[in-house]
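Enquirer: Since the structure of chain A is already known, use the hints to place chain B on it.
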Amino acid sequence: GAGVSQSPSNKVTEKGKDVELRCDPISGHTALYWYRQSLGQGLEFLIYFQGNSAPDKSGLPSDRFSAERTGGSVSTLTIQRTQQEDSAVYLCASSLDRGSPLHFGNGTRLTVT
Amino acid sequence: GENVEQHPSTLSVQEGDSAVIKCTYSDSASNYFPWYKQELGKGPQLIIDIRSNVGEKKDQRIAVTLNKTAKHFSLHITETQPEDSAVYFCAASSPGEVSGGSYIPTFGRGTSLIVHP
Numbered sequence: 001g002a003g004v005s006q007s008p009s010n011k012v013t014e015k016g017k018d019v020e021l022r023c024d025p026i027s028g029h030t031a032l033y034w035y036r037q038s039l040g041q042g043l044e045f046l047i048y049f050q051g052n053s054a055p056d057k058s059g060l061p062s063d064r065f066s067a068e069r070t071g072g073s074v075s076t077l078t079i080q081r082t083q084q085e086d087s088a089v090y091l092c093a094s095s096l097d098r099g100s101p102l103h104f105g106n107g108t109r110l111t112v113t
Numbered sequence: 114g115e116n117v118e119q120h121p122s123t124l125s126v127q128e129g130d131s132a133v134i135k136c137t138y139s140d141s142a143s144n145y146f147p148w149y150k151q152e153l154g155k156g157p158q159l160i161i162d163i164r165s166n167v168g169e170k171k172d173q174r175i176a177v178t179l180n181k182t183a184k185h186f187s188l189h190i191t192e193t194q195p196e197d198s199a200v201y202f203c204a205a206s207s208p209g210e211v212s213g214g215s216y217i218p219t220f221g222r223g224t225s226l227i228v229h230p
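Taken in order, these protein sequences are the chains called A and B.
Going by our numbering, the first sequence opens with residue 1, and the numbers climb by one from there.
Going by our numbering, the second sequence opens with residue 114, and the numbers climb by one from there.
With the rest of the complex left out, here is chain A (with noise of 0.2 angstroms):
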């Protein structure tokens, strides 16, 4: 069955311009996360949606960065006037419930130049 689909695959974007970042979650997978990956980093979490719940914003590292997800469904993660430390890679996973094994998308590589 499909996966976790994210878009665009790759992204190159001038310093200070916007970006949104797409991830399509398998479905009926009711919890979401975003995590960044930079160079020869481990995974860091950003941003996490449980259901119709509040999504716990706690590992956005600025107010640079803001995400929601419609419907329980698409989410999209926008980073305002980026910066270049914003260059990374960015995972969207998805998980049936709580406490269920993620699954990944292939995620997006961002470059700011």
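The hints are simulated quantities; they were obtained by calculation from the structure and are not laboratory data.
On a predicted model such as this, the values are computed, not experimentally measured, just so you know.
Accuracy of the hints is not assured; some may be wrong.
As the list claims (entries may be wrong) - List time: in silico BS3-like cross-link candidates among lysine-lysine, alpha-carbon distance up to 27 angstroms:
| no. | chain 1 | residue 1 | chain 2 | residue 2 |
| --- | --- | --- | --- | --- |
| 1 | B | 155 | A | 11 |
| 2 | B | 184 | B | 150 |
| 3 | B | 170 | B | 155 |
| 4 | B | 155 | A | 57 |
| 5 | B | 150 | A | 11 |
To be verified - Restraint-style ranges between C-beta atoms, simulated for each label pair:
| no. | chain 1 | residue 1 | chain 2 | residue 2 | range |
| --- | --- | --- | --- | --- | --- |
| 6 | B | 140 | A | 83 | 25 to 35 angstroms |
| 7 | B | 191 | A | 57 | 38 to 48 angstroms |
| 8 | A | 17 | B | 171 | 41 to 51 angstroms |
| 9 | B | 182 | A | 17 | 43 to 53 angstroms |
| 10 | A | 58 | B | 130 | 34 to 44 angstroms |
| 11 | B | 155 | A | 57 | 19 to 29 angstroms |
| 12 | A | 28 | B | 130 | 33 to 43 angstroms |
| 13 | B | 139 | A | 70 | 28 to 38 angstroms |
| 14 | A | 63 | B | 171 | 40 to 50 angstroms |
| 15 | A | 101 | B | 139 | 17 to 27 angstroms |
| 16 | B | 171 | A | 80 | 43 to 53 angstroms |
| 17 | B | 227 | A | 101 | 23 to 33 angstroms |
| 18 | A | 44 | B | 227 | 16 to 26 angstroms |
Cβ coordinates follow ideal geometry from the N, Cα and C atoms, glycine included.
Expert: For chain B alone, kept in the frame of chain A given last:
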């Protein structure tokens, strides 16, 4: 919050040898420990996981052991093959205190496994 340490950062073995990757965690409430394999250009994929009510789990050539007292867990790969070459991540999660029990996994920094033919 949870802190997961993973060692080694790089592991180079000959085909057919065994490989062991070790992780420690800090939160004694953590009760779920998955391992992920990430190939170049792809997202991490779950390869095996263990919950705190068991000490060991095996799936063909891979096994995971858990020592809750010492707060460490390990991934064992036997009879390594070139296709095992990838970055491996351990993770730990607990019910947590936010979002009514979020189980948000905390990941280690990864181990790059290289299997030489």
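Enquirer: Looking back at the hints listed earlier, which ones does the structure fail to meet?
Expert: none
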